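Q: If you're matching them up, the sequences are chains A and B in order. Sequential numbering from 1 applies to the first sequence in my numbering. Sequential numbering from 1 applies to the second sequence in my numbering.
Please keep in mind that the hints were generated in silico from the structure rather than gathered at the bench. None of these values were measured; they are calculated from a predicted model. Each hint should be verified, as a subset may be incorrect.
What the hints assert, rightly or not - Residues from chain A shown here face chain B by an in silico Cβ test under 10 Å; the list is partial:
| id | residue |
| --- | --- |
| 1 | Val-31 |
| 2 | Asp-42 |
| 3 | Val-119 |
Quick reminder that beta carbons are idealized off the backbone N, C-alpha and C, glycines included.
The chain contents come next:
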Amino acid sequence: MSTTDVERIERPGRPWRADPWLWILLPTLAVFGLIFAAPLVDLVLLSFHRMSGPAQVGAAFTLANYRAFVTDPFYLAMLLRTCGLGLLVTLGCLIAGYPVAYYLARTPSRWRGLALFLVIAPLLVSAIVRNIGWFPLLSQSGAVNWVLLKLGLIASPLSLINNFTGVVIGLIHALLPFMILTLTTVIQRIEGDLEEAAANLGAGPLQTFWRVLLPLSLPGVVSGSLLVFAMAISAYTTPAILGGNRVLVMATYIAQQFRTVLNYPAGGTASALLLVFAIVLTVLALQVRTGEERVP
Amino acid sequence: MIRWLALRGTLLTVFAFLLAPVIIVVADSFNGGPALSFPPTSFTTQWYGLIKPSFFSALYVSLIVASCTALLSVVFGLPAALALSRGRFIGRDAINSILLSPLVVPALVTGVALYQYSLSFWDLTHVALGGTLIGLIVGHLTFGIPFGIRAILVGHARFEPALEEAALNLGATPLQTFWRVTVPILRPSIVAGGVFAFVMSLDDVPIALFMGGGDATTLPVQIFTTVEFDFGGDVMAVSALIVGASAVLMLLLDRLIGLEQLFGARQ
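So here's chain B without its partners, still in its complex pose (with noise of 0.2 Å):
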């Protein structure tokens, strides 16, 4: 059982890895010494009432532009994913990988790619993308629509059409076997790629940072460009409060859908 203590001192080992920096930002975010350093002289809360408020304004885009991004994903998401695992058309398997390629190429790439794009689309309709809210949508939506697809395709491999089926014969419409019988039956999976959408809308950086700016900035692009420069108290602060809503959410999550089926939806 020597193998069982040296693998136990390992995965404590890593485990406390895993966890140490987002401990240490709620404890720095108390730090009353100098920022950064270790060990710490006195408590404090000053951090918190020092937050600017470019990082509220930030959190609200950021919360406005995940909830559009999530609520598409599916809107967009649902309809493709019932296509690609229903219709029987030639190069159903190719147009199924076309559409959850995003997910394989790099957020930077597709960052650059969709700023040169509203430069572009700018030049030829005098309409502004980048630097918008819808800008940072599009730009959202190129990973969402995927994770909805694919989190919708892997509920539905568990799909039972006798439902369906008998819901037609005992006369309702097809749209109200849509509304009541599919919708219904597919809502986990649903909520699953909705809430992936979200999540991953408000942890990006790269997107966000190239189709933003102005008063499209995100809260992580907000948080990036003020490191970028300076480091105080204050953005601790605000990082240990992102870490305290994390927990929350990550609770939520694992009680209404389950973190290891949340994340078997990715693979």
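This is chain A alone, in the form it adopts within the complex (with noise of 0.2 Å):
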């Protein structure tokens, strides 16, 4: 705002008018209203009605689905699930990625470029090849059953994907990218000097972790949870592959709704909470960012 006052201080020459740039903004404003907000206005009116046959939908206004949603024990084990499987992708991806985020912020190394490249690269590669990737590793006669029953590890072959285990999986490495270049940014910020001065003091690596650098880090640790945990429980492409249509999640609840089902008030009212749990929890995760940049 300041800045504002200073360049009409220095262009004393133009007149204050309604802003043209408002004109301007206007076709993609009015695109934006379009395609977006309007299909997305259109979706969540149609949580308030009643399904009143395949595809169709009631004209009497109801909250019903909604009360659905919150009693009925089907549609809270889906929420519980979608929940559980937020959390355990979270956790996976922040004890994979810490000490990725640690090396990429700390090291000196001349293969610290390398290390970046491979972290970013899996993002541009196409997210459902990265999914039937899974397939030939984690099947029943896959590489990762062949090489557990060869060390004796395992008796019989374990169910790895086509369930709960395999989205998770697929998850954790769909997102682990973004936990990792979350967690370097923050971690780059913490001064070096504090580590040395607890191991001078005598701390071990564990409790320098503990006591100094978890702390320090801890803003971005929580901005960076809130972001995948988003993430996980708003994708559908790898709970739909990994799953084998058997894990019933909000997302792939969505989807059966419109495509199979055709229930559509249903997959609305699964539409707009999963909106609104996407949107609180990122709007919370740049709340921590920020509120974390304005500490000196």
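Assembly of the complex is requested from the two constituent chains, each provided in isolation within its own frame, with the hints serving as guidance.
A: Structural data, given as structure tokens:
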């Protein structure tokens, strides 16, 4: 705001009129309203009606769909499963991501560039292809079971795919780069001297981690976790493919309602809830991040 | 230095985890044994010959949709980004957040919303959006435009307005200034925004699944619906080709823009 005043003082020749930039913004705003806002409002409105037949929507206004979501054990179980998925994926990303982020933030090694490239590269390979790659690895006759059997660690092949486990593995893989990138920026901002000081004062590596590094990087951990959790519960492709149509979470339920069951209001209700969850989580994550940036 | 060794071990494990599915796709596409079995029994290239024509037509659809999405994302993104960074009007920050909000909305929700909307649109106008290329492009613009806006906003933060003033003082018309000063200066971020929209369009499943269908089926959706029913070596071959193409694209982008910078625009 202060820069605005400065600019206006600097350019005294220009009189103040209704800002012409608004007109330039208008076409994009119109397109946005037409192709994004209107469909979304339309979808949310659906959730306040009942299905009156396959692919048909009744006229009467009702809150019954939402009531069902908080009372029906079927929906409650699905909500719990979705949250459980989000938590497991977030935890997995934190455990696997923190050491990598620490390395990327601290290393003077010439391998850093390559390491960063390897973290980002999977993001540019189509998500569907990455999902498919898990089949030769995790299926009953796949590589992981072969190794475990050969090592004598298991007596019979484990079911690692077409179930909840497969979805957790696939989502950790898909979202790990986001966690690593978020944590790296945060750890970079922590003074390396602090760790050295802790070590000099006699703290072991674990103590340094628990009492210095982790507390200082907590805002990044929280914002990264919120983002990963939001993306995990929003994801559709991975739960659909690696869950083998057997894992019912919010996203797969929504797709099912629109593709096969044709209960649009039920799908609309779940969509509205997922929308609210995703927005709240992301706003919280950004809040944590900007809050942390304000601290000197 | 035990700490660094432990760290090194963990790092290698995580990198192996990150790369495993991508590498195995390529390896398994040459597997002569039954699909998905390990270890491979023999080497073959037969799967590449068995790729169904539907995958090639889907690739064609994907490339058209991604190109149009990239172009239109920049066409709508550039004026909006300029207005948002230079305008001084009430509610500018709010409009900024609203225009970037599609990136927060789950793609599946956008997909079913557009699907539902296209049904109502058909009832009203008898113009079909679902199952057409236009419908797919419209669907992908929901995230393409925000990516375009964000990339250009980031680039514009370093913009030096004095250069435009100099051009105007030297007699250039506002239009000339725009095309010969503003656009060239912002070109790296315009390209980054377009490339990002292109890549994301090629990657999307949920929106293309609900807005497409029939002749308007993109490559990821074709793969998605194929593996829902059966899983053969030809899908592996297609996937391996995609990995190859992504690797080439990645190296190009790394050279041209820098991957770190490209993904910096994402945050």
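Q: Is the interface hint for A/Val-31 satisfied, with its Cβ closer than 10 Å to some Cβ of chain B?
A: holds, 6 Å
Q: Next item in the hint list is A/Val-119. Is there a CB on chain B closer than 10 Å to its CB?
A: holds, 7 Å
Q: Would the hint on A/Asp-42 be counted as holding, given a Cβ-Cβ threshold of 10 Å to chain B?
A: This hint holds: A/Asp-42 lies near chain B, its Cβ roughly 5 Å from the closest one there, short of 10 Å.
When held up to the earlier numbered hints, the structure conflicts with none and fits them all.
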